[in-house]
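*Asks:* Sequence:
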Amino acid sequence: MDEPALHLSGVTLTRRGSVVLDQIDLTVAKGEFVGVIGPNGGGKSMLLACILGLEQPDAGSLTVFGMSPKQARPLVGWVPQFARFDPDFPIRVADVVACGLLACEHPRAQHQALVDEALQRVGLAPLAARQVGSLSGGEVQRVLIARALVARPRLLLLDEPGASLDGPQSATLHELLAELAGERTILLVSHDVAVVSRHVDSIACLNRRLVHHGAKELSRETVEEVYGCPVDFVVHAHTHVVLPDHDGADCGHDHDHGPQDAPS
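Numbering-wise, the numbering used here puts 171 at position 171 of the sequence shown, and it's gapless, one number per residue.
Treat the hints as calculated values from the structure; they're not laboratory data. The beta carbon of each residue, even a glycine, is placed where N, CA and C say it ideally should be. Among the hints, erroneous ones may be present.
Now the in silico label distances, taken between C-beta atoms and shown as ranges [unchecked claim]: (1) Leu54 <-> Glu179: 24 to 30 Å; (2) Arg92 <-> Ser219: 45 to 51 Å; (3) Gly133 <-> Asp232: 25 to 31 Å.
Starting from the given sequences, assemble the full structure and let the hints guide the process.
*Replies:* See below:
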């Protein structure tokens with residue numbers, strides 16, 4: 001049997017006396033594009049931290065391509081939720097992307113070609129010499145994706161990359177990720193259920209425990225279970241999910257009423 005990209009069995013993580021991840025069983029096949037959704041504080045970012053080897057589970061096992069997270073780290077690219085650049089700090093786009101090669105095994109003689117390749121892949125080759133501080137939010141996010149791609153990882157982890165973007169920028173970003181999905185395994189953490197459901201192969205619903213991993217068509221009952229509050233399926237041009245406040249729960253709205261938020 002082919003080794004999966006990710007395999008978690010009974011993974012439990014406790015921090016400051018609270019269970020952050022509770023008996024997580026999750027298998028992700030090579031080449032699968034998985035969207036991870038759930039409420040704030042539900043353990044999504046901690047799940048990524050465990051996969052990266054930045055957090056050590058208290059119980060259970062976790063392998064990345066059959067290896068420990070530490071061994072597999074050179075095979076994993078990571079895109080954080082936020083990155084701020086001082087507009088007065090003189091660092092070029094190409095320099096930021098090259099930072100993704102600091103711990104890689106590629107010979108130094110290949111580094112410039114790899115940077116050029118990554119920038120071309122995200123459509124930023126013409127901006128290689130620009131100062132990062134002069135870029136728009138959407139362009140900065142593409143720089144961060146290029147930095148994650150530059151070492152040619154087999155697994156790409158993204159922690160809400162569209163959180164600070166407007167509607168058109170978010171749509172462009174997710175279209176790029178859909179293109180990348182055919183080349184590597186991707187885990188995308190997001191609050192935007194509608195956009196995620198259009199592009200991924202499967203959805204994992206996480207609220208400390210794994211409520212669902214499978215088909216991207218989610219029932220009302222599944223969404224209510226993962227967010228812990230009632231939901232409404234609202235139809236504009238298409239159907240999407242509204243998560244109203246309920247008894248103080250951190251539900252919020254999982255969309256911004258823009259046309260880009262309608263799932264297929």
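*Asks:* Please go over all the hints and tell whether each is borne out by the structure.
*Replies:* Status of the hints after comparison with the structure:
1. Evaluation of the 24 to 30 Å hint for leucine 54 and glutamate 179 yields a pass: the beta carbon distance comes to about 28 Å.
2. Taken as a hint, the range 45 to 51 Å holds for the pair arginine 92 and serine 219, whose Cβ atoms sit roughly 48 Å apart.
3. A hinted range of 25 to 31 Å for the beta carbons of glycine 133 and aspartate 232 is inconsistent with their spacing of about 41 Å.
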